[in-house]
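Each residue of the sequence shown is one higher than the one before, counting from 4 in my numbering.
Mixed in with the good hints, there may be bad ones.
[Said to hold, decoys possible] In silico PhoX-like cross-links for lysine-lysine, where the CA-CA straight-line distance does not exceed 25 Å:
| no. | residue 1 | residue 2 |
| --- | --- | --- |
| 1 | K6 | K134 |
| 2 | K107 | K52 |
| 3 | K56 | K6 |
| 4 | K107 | K134 |
| 5 | K56 | K134 |
[As the list claims (entries may be wrong)] Pairwise CB distance ranges (calculated):
| no. | residue 1 | residue 2 | range |
| --- | --- | --- | --- |
| 6 | Q60 | I100 | 23 to 29 Å |
| 7 | A14 | T118 | 24 to 30 Å |
| 8 | A17 | T140 | 37 to 43 Å |
| 9 | G173 | P138 | 19 to 25 Å |
| 10 | E120 | M89 | 30 to 36 Å |
To be clear, the hints were calculated from the coordinates, so they are not data collected in a lab.
Note that CB positions come from ideal geometry on N, CA and C, so glycine has one too.
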Amino acid sequence: MKKRGVIVSLAGIAMLVISFSIAISILESSGMTGDEFLLPDVLKDAFDKVSEKTQIQPGDTAYFSFDASGDARTLLWGFQVMDPQMDENLVISISNIYGDDFGKFTASQPVFFETLEITRSDVYNFNVENKGDNPVTLVMMFTENPDDSESVINPNSPLGKSLLPLAASGTFFIVGILTTIVGIIIIIIDYRKNRSSNFV
Numbered sequence: 004m005k006k007r008g009v010i011v012s013l014a015g016i017a018m019l020v021i022s023f024s025i026a027i028s029i030l031e032s033s034g035m036t037g038d039e040f041l042l043p044d045v046l047k048d049a050f051d052k053v054s055e056k057t058q059i060q061p062g063d064t065a066y067f068s069f070d071a072s073g074d075a076r077t078l079l080w081g082f083q084v085m086d087p088q089m090d091e092n093l094v095i096s097i098s099n100i101y102g103d104d105f106g107k108f109t110a111s112q113p114v115f116f117e118t119l120e121i122t123r124s125d126v127y128n129f130n131v132e133n134k135g136d137n138p139v140t141l142v143m144m145f146t147e148n149p150d151d152s153e154s155v156i157n158p159n160s161p162l163g164k165s166l167l168p169l170a171a172s173g174t175f176f177i178v179g180i181l182t183t184i185v186g187i188i189i190i191i192i193d194y195r196k197n198r199s200s201n202f203v
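Turn these sequences into a full structure, and let the hints guide you.
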């Protein structure tokens, strides 16, 4: 019986093992502990400001602010929810110290990011209201001019050293799955051919 299918399948399994090893190594080197997955820990130096973990009770509002510097053109802001639940409903309102309204956003996903165009140097307030039925613990993240961020454009930055290898690991994982499937298909085809030839 031909062994080409077995060889292809083993190659695919080897790719899967390698991709898992790369991903685990990257996550461990990023300082992750336990089961907690924090974006600021994985993407170190990618954010100009990261808030403390803040718990918001149902019906309550948490207040965050960011002081945009004079050369800020765009502000990337967002949050990550710890231990997300199915019925989360957060409403984020943005204003400045003068009470000007810069938009309102509704989010139910555990990770949410948006951009805000900065027209002048100002302090921007982010009011996060918990409209759900359960307490929510989250971390807010802010980055000025993300397109010009050294952590984004520099492959030697902590972000580049974490994100690019993780992306490569994910690609390797997908290729490994496809290779394994192809190997199994070849095994089945060869088995049927071998079985048919035995009856001739």
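Results for each hint:
no.	hint	in the structure
1	K6 x K134	violated (59 Å)
2	K107 x K52	holds (21 Å)
3	K56 x K6	violated (55 Å)
4	K107 x K134	holds (14 Å)
5	K56 x K134	holds (18 Å)
6	Q60 x I100: 23 to 29 Å	holds (26 Å)
7	A14 x T118: 24 to 30 Å	violated (43 Å)
8	A17 x T140: 37 to 43 Å	holds (40 Å)
9	G173 x P138: 19 to 25 Å	violated (33 Å)
10	E120 x M89: 30 to 36 Å	holds (33 Å)
Going down the numbered hints, you'll see the structure goes against 1, 3, 7, 9, while the others check out.
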